[in-house]
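Participant: Those protein sequences? They're chains A and B, same order as listed.
So the numbering used here is basically just the index in the first sequence, starting at one, shifted up by 155.
So the numbering used here is basically just the index in the second sequence, starting at one, shifted up by 4.
Please note that the accuracy of each hint is not assured.
[To be verified] Computed cross-link-like contacts, SDA-like style, restricted to lysine to any residue with a CA-CA straight-line distance of at most 25 Å: (1) B/267 <-> B/175; (2) B/263 <-> A/242; (3) A/241 <-> B/262; (4) B/263 <-> B/241; (5) A/183 <-> B/266.
Hints were generated in silico from the structure; no laboratory data involved.
If you're wondering where the values come from, they're calculated on a predicted model, not measured in any experiment.
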Amino acid sequence: MQNSYAIEVDHLRRIYRTTVGVFRRSIKEVVAVEDVSFCVAAGELFGLLGPNGAGKTTTVKMLTTLLIPTQGAARVMGHDVVKGAKEVQKRIGFIFGGERGLYWRLSGIDNLRYFASLYHVDPDVAKQRIPYLLDLVGLHGRGDERVEGYSRGMKQRLHVARTLLHDPEVLFLDEPTIGLDPVGAREFRQVIRNLQSERKTILLTTHYMFEADQLCQRIGVINHGRIVALDTPENLKRHVSDLSVIEIEAFGVPATTIDKVKALPFVDAVHVENRDQKQALMIQSPRGSEAVPDVMATLNGLRVGRVIVREPTLEDAYVRLVGGTA
Amino acid sequence: MTTLTQRATWRASWRANWRTIWMVAEMSLRQMVMDGFIIFTVLVQPLLIALLGLWMLGDKGPDYIMFVVVGSGLTGLWSSLLFIGGNSINVERWSGTLETLVGVPTPLTLIVLGKNVANIIQSLASMVVAYLLAVVLFGYQIQFSQPLLFAVSILFTIIAFVSFALVLAPIFVMNPGVQAWQNAMEFPVYILCGFLFPIALLPSALTPLSYLLPPYWAARALHGTSSANAPLEEILLCWAMMLLFSAIYLFVSSRLFAKMLIKVRTDATLDVT
Chain A
156 MQNSYAIEVD
166 HLRRIYRTTV
176 GVFRRSIKEV
186 VAVEDVSFCV
196 AAGELFGLLG
206 PNGAGKTTTV
216 KMLTTLLIPT
226 QGAARVMGHD
236 VVKGAKEVQK
246 RIGFIFGGER
256 GLYWRLSGID
266 NLRYFASLYH
276 VDPDVAKQRI
286 PYLLDLVGLH
296 GRGDERVEGY
306 SRGMKQRLHV
316 ARTLLHDPEV
326 LFLDEPTIGL
336 DPVGAREFRQ
346 VIRNLQSERK
356 TILLTTHYMF
366 EADQLCQRIG
376 VINHGRIVAL
386 DTPENLKRHV
396 SDLSVIEIEA
406 FGVPATTIDK
416 VKALPFVDAV
426 HVENRDQKQA
436 LMIQSPRGSE
446 AVPDVMATLN
456 GLRVGRVIVR
466 EPTLEDAYVR
476 LVGGTA
Chain B
5 MTTLTQRATW
15 RASWRANWRT
25 IWMVAEMSLR
35 QMVMDGFIIF
45 TVLVQPLLIA
55 LLGLWMLGDK
65 GPDYIMFVVV
75 GSGLTGLWSS
85 LLFIGGNSIN
95 VERWSGTLET
105 LVGVPTPLTL
115 IVLGKNVANI
125 IQSLASMVVA
135 YLLAVVLFGY
145 QIQFSQPLLF
155 AVSILFTIIA
165 FVSFALVLAP
175 IFVMNPGVQA
185 WQNAMEFPVY
195 ILCGFLFPIA
205 LLPSALTPLS
215 YLLPPYWAAR
225 ALHGTSSANA
235 PLEEILLCWA
245 MMLLFSAIYL
255 FVSSRLFAKM
265 LIKVRTDATL
275 DVT
């Protein structure tokens, strides 16, 4: 591995141990990260995609020094995340999705003053930077209010301001747009773009494919604790360039029928999305529109709405890579 | 040249650490004034104890009144140390801020120290409230027998109590079972350490146990310099014992913090979710 990398991850593995049972207690082991290796270049915006429980947050927590790896090693800006934890902490900022991690009884400005002090930011510098950051994240004029009165989106944006107080070189954003309304999420993505234009190295985990497609230069797809693909969004889409996607809107499709569709010889993967009372079946097949009659025959007797055949997207590539578990 | 640079770096680092401790203390105080339980622990409860004490011992003379004022203040100090100081890390964990605190370059020990400074400042208020209660409400003419030595004793008391809290906090995080004994640890210390009446009233077999508790030496120094006019040698002994205990606790707490940080990062218990 070269030193020009901001983040170097080398065969990371993490096991969680929990105790089960009341009288006859036994230790249960859960492998959250099996074997993860990747590098992120300085100034790169790297995405880590994967379904729930794939190991994204665990990986980020190991890289931000909050968890000790069971095996393997990782370096951030050349410092080991275990032995050089304090050096790593000076150079990174991190956000975990959600509203926790702030002092709700304090105002936004007091939260920032507090964390500026914990990051050893000179008070004079902090005095200038806090209004600038509040402005940057769209909290101008709201800094004096107590955080408990902030909306979820405002708290998320305050987290961004907090993480930029010490002008870190590397940012870890773990599902930062989760729970935000569409407008808030769009504004947030603009903040991420601005940070990238300042040459920050960013590791972003997200569930939203279009977000990764729009923002990330490279994407690592993680599933069951392993990186199953690592490439640019364009190249990842080529994984499914030989396929077409048949998108069928239907009502009340039972699991047995979905299994039957999956079992069709020309079907590569099936992903189901619930849309209000409807279900959208995304069926990947190399036969494209020719496969539609056979699929419709399998759905025989069900109420079916719109049927379209389209080109695959990054989401389809992702579904194929994670085996339809998304 | 190198030595000068090193010295400047060292000074800058100390200044930054002090600034951090005071910032943590300031922010903790701001949060405390919004918390009803903390107000009860450090103000209402000692106030009730002072009221009862003044009522019961009011006819015993000004020295007894001073004893009650200082003793009730000590109860506030001990309760604050035990509940607020002892839970200082767990509270951060429950509110989801511990991950953020562990992820900053400032050592967690300094952050907890700042929080304990805030606790002490707040709980000293209980002593002032008890004093004002005696003077204004009950109209007693009371004065400290050795004010200068009392002030120094307060300082040593703060150091001893803060050091003790630094030991309790990581123990409570690593051993949730011990935390269940928190309530049981409150009143026995009031009694064993002579906060509200001299330990001479207790069975003599309990005296060695009192000697092992730093709040006993704090209570002896504070009572000795406020109402008892104790000889200087006795006060010096109390100060020495408090400093000895503080040194032991600071050493033990530094080891416990390091152990705790490895344990919570290994067990993934920085957050409760």
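Participant: Next pair to validate is residue 241 of chain A with residue 262 of chain B; report whether the Cα-Cα distance is within 25 Å.
Facilitator: It holds: about 13 Å lies between the C-alpha atoms, which stays within 25 Å.
Participant: Need the status of pair residue 263 of chain B, residue 242 of chain A: alpha-carbon distance at most 25 Å?
Facilitator: holds, 20 Å
Participant: Is it true that the CA of residue 267 of chain B sits at most 25 Å from the CA of residue 175 of chain B?
Facilitator: The given pair, whose Cα atoms are some 12 Å apart, holds under the 25 Å limit.
Participant: Measure nothing beyond the straight line between the CA atoms of residue 263 of chain B and residue 241 of chain B; if it is 25 Å or shorter, mark the hint as holding.
Facilitator: With Cα atoms ~33 Å apart, residue 263 of chain B and residue 241 of chain B exceed 25 Å; violated.
Participant: For the pair supplied as a hint, residue 183 of chain A and residue 266 of chain B, is the alpha-carbon distance within the 25 Å limit?
Facilitator: Answer holds: residue 183 of chain A to residue 266 of chain B is near 20 Å, not above 25 Å.
Of the numbered hints listed earlier, the single one contradicted by the structure is hint 4.
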